[in-house]
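Chains as they are written, first to last, in our numbering: chain A, 22 to 242; chain B, 7 to 245; chain C, 60 to 111.
Each statement offered as a hint is correct.
Computed beta-carbon distance windows for the label pairs:
1. Ser20/B with Leu105/C: 17 to 27 Å
2. Gly86/C with Ser20/B: 20 to 30 Å
3. Ala223/A with Leu30/B: 36 to 46 Å
4. Gly99/A with Gly74/B: 32 to 42 Å
5. Leu239/B with Arg178/A: 28 to 38 Å
6. Pro210/A with Trp121/B: 21 to 31 Å
Derived contacts from chain A toward chain B, CB cut-off under 10 Å, selection only:
7. Cys169
8. Ser171
9. Ile176
10. Arg177
11. Leu181
12. Ile182
13. Leu186
14. Val187
15. Met188
16. Ala192
17. Leu194
18. Ala199
19. Ser204
20. Leu216
21. Ser228
22. Gly235
What the hints contain is simulated information worked out from the structure, not anything from laboratory work.
Ideal Cβ placement from N, Cα and C applies to all residues, glycine included.
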Amino acid sequence: MLSLLALVLRDARLATRAGGGAFLALAFFGAATTLVPLGVGANPRLLSSVAAGIIWVCAALATLLSLDRLFQADYEDGSLELLVIGPLPAEAIAFAKILAHWLTTGLPLTLLAPVVALLFDLPANGYGALMGGLAIGTPAVSAIGAVCASLTFSIRRGGLILPLLVMPLLAPLVIFGAGLVQSAVDGQPNGALPLLAAFSLAAVLLSPFAAAAGLRINLNA
Amino acid sequence: MFGLANPKRFMDASAPVVPWIGSLAAILIAIGCYMALAVVPPERLQGDTVRIMYVHVPAAWVSMSAYGVMALASLVALVNRHPLADIAAREAAPLGALFTALALITGSLWGKPTWGTYWVWDARLTSFLLLLFLYLGYIALWNAIEDEVRAARAAAVLAIVGAVNLPIIVFSVEWWNTLHQGESILRRGGPSIAPVFLWPLFIMAAGYTLLFVTLWILRIRTAIFTRALRIRLSAGAAS
Amino acid sequence: MMHFLEMGGYGAFVWPAYGVTVLGLGGAGLLTLRAYFRAKTMFAKLGDRNPE
Numbered sequence: 022m023l024s025l026l027a028l029v030l031r032d033a034r035l036a037t038r039a040g041g042g043a044f045l046a047l048a049f050f051g052a053a054t055t056l057v058p059l060g061v062g063a064n065p066r067l068l069s070s071v072a073a074g075i076i077w078v079c080a081a082l083a084t085l086l087s088l089d090r091l092f093q094a095d096y097e098d099g100s101l102e103l104l105v106i107g108p109l110p111a112e113a114i115a116f117a118k119i120l121a122h123w124l125t126t127g128l129p130l131t132l133l134a135p136v137v138a139l140l141f142d143l144p145a146n147g148y149g150a151l152m153g154g155l156a157i158g159t160p161a162v163s164a165i166g167a168v169c170a171s172l173t174f175s176i177r178r179g180g181l182i183l184p185l186l187v188m189p190l191l192a193p194l195v196i197f198g199a200g201l202v203q204s205a206v207d208g209q210p211n212g213a214l215p216l217l218a219a220f221s222l223a224a225v226l227l228s229p230f231a232a233a234a235g236l237r238i239n240l241n242a
Numbered sequence: 007m008f009g010l011a012n013p014k015r016f017m018d019a020s021a022p023v024v025p026w027i028g029s030l031a032a033i034l035i036a037i038g039c040y041m042a043l044a045v046v047p048p049e050r051l052q053g054d055t056v057r058i059m060y061v062h063v064p065a066a067w068v069s070m071s072a073y074g075v076m077a078l079a080s081l082v083a084l085v086n087r088h089p090l091a092d093i094a095a096r097e098a099a100p101l102g103a104l105f106t107a108l109a110l111i112t113g114s115l116w117g118k119p120t121w122g123t124y125w126v127w128d129a130r131l132t133s134f135l136l137l138l139f140l141y142l143g144y145i146a147l148w149n150a151i152e153d154e155v156r157a158a159r160a161a162a163v164l165a166i167v168g169a170v171n172l173p174i175i176v177f178s179v180e181w182w183n184t185l186h187q188g189e190s191i192l193r194r195g196g197p198s199i200a201p202v203f204l205w206p207l208f209i210m211a212a213g214y215t216l217l218f219v220t221l222w223i224l225r226i227r228t229a230i231f232t233r234a235l236r237i238r239l240s241a242g243a244a245s
Numbered sequence: 060m061m062h063f064l065e066m067g068g069y070g071a072f073v074w075p076a077y078g079v080t081v082l083g084l085g086g087a088g089l090l091t092l093r094a095y096f097r098a099k100t101m102f103a104k105l106g107d108r109n110p111e
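Taking the hints into account, I'd like the entire structure generated from these sequences.
Structure follows, in structure tokens:
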């Protein structure tokens, strides 16, 4: 248990360093969401109606950015093999990395999202659903992303195909997450919350096992 | 002879079968097309566009089934470590992607007269678009990893993860579609259940399925020949 | 005959749908067969000289 926590802290510290992914995700999120009005026009009603969807998509993309380094950084200097040989089972290693990744990308994104929502003039009653939904859903983005990263980290430019692998799997999250905001804004319950929560919970619980399988496959030289 | 454990049985068993199922597939598809184009009457609401259903729906069925087959073969590959299962999974993917693309294109053409646009983000088409990406990702992963054993096992995990997610993705897309359906889109659930409409559909579906199986077996045989040839040549070069 | 080609005005959709299908399935069939016979002949010529 202690070594699990130690791994989480180590990864989190590495991510928040200069070359780490934490700041990159936030910067990308800000930049991407800024580009959207430049592309679709500044009509407040339009922006307000697409705010939830844009934020969710950009948050998912931003989370993906640092995913390819999730295992690859440790793989390249040999520390991944040491971790797997060590006392922690591969599943725990995967879970620790997923947790650290979420703490340094998903969580900051969730906290930054209301600012972006402000820029998009999201109706006031949508903010809770936006933040709550992101808080529930971004761990799943890290989890599902970790599974795909576990399959590609031994490829030299593995990061290039990572978005292709992850994107279709994120569709339910984007759908339910944005749908949750929609239901809050409209005042109409649409059942998005239990769906989002169930999917996210299942993803977070099951992903470490799949990611561990990927780790074992790619480490057996 | 082939350098692998069991392919001889598969090769011997599949060789005589292929010409038969291939010919049957061609005949069924030909009959199905004739019926769809010349025998089936124009449907009450959709007119002659209903004929497109006969090239769209079978393609969609096969595209979904192919993914299931791919996932099943992947499961066998991971659990059983049977090298034939790896090859079977890998060779199904490009075919599955092809049928998915056909389903999308024909679906778009079917929808244009009714929707007025070439694309509509309805539940079916959107799901199949995501399925196409699942196929492409799977193929990309096979191509990206150099070591073949590693590639096979990684791709197998991906296929299974995709298969588990696929029903959820389809469900979420349907849910999303009902959420955003403003105006009523003509539900192409299917025409009236009159037998005159159904028989050609079954014939085409059977033909498409047999065609998939034929091409799949041929691709597996090709892969086995190629792999055995590579082993043989490298062994010959070494000696 | 004209009705067959026009398909009640929907000919521009029906025929391309069938056309793309024939091209796609036929093309796949041809490519598969070509690759198959190529691999088979190569193996017969070069691969089988030293049977295990």
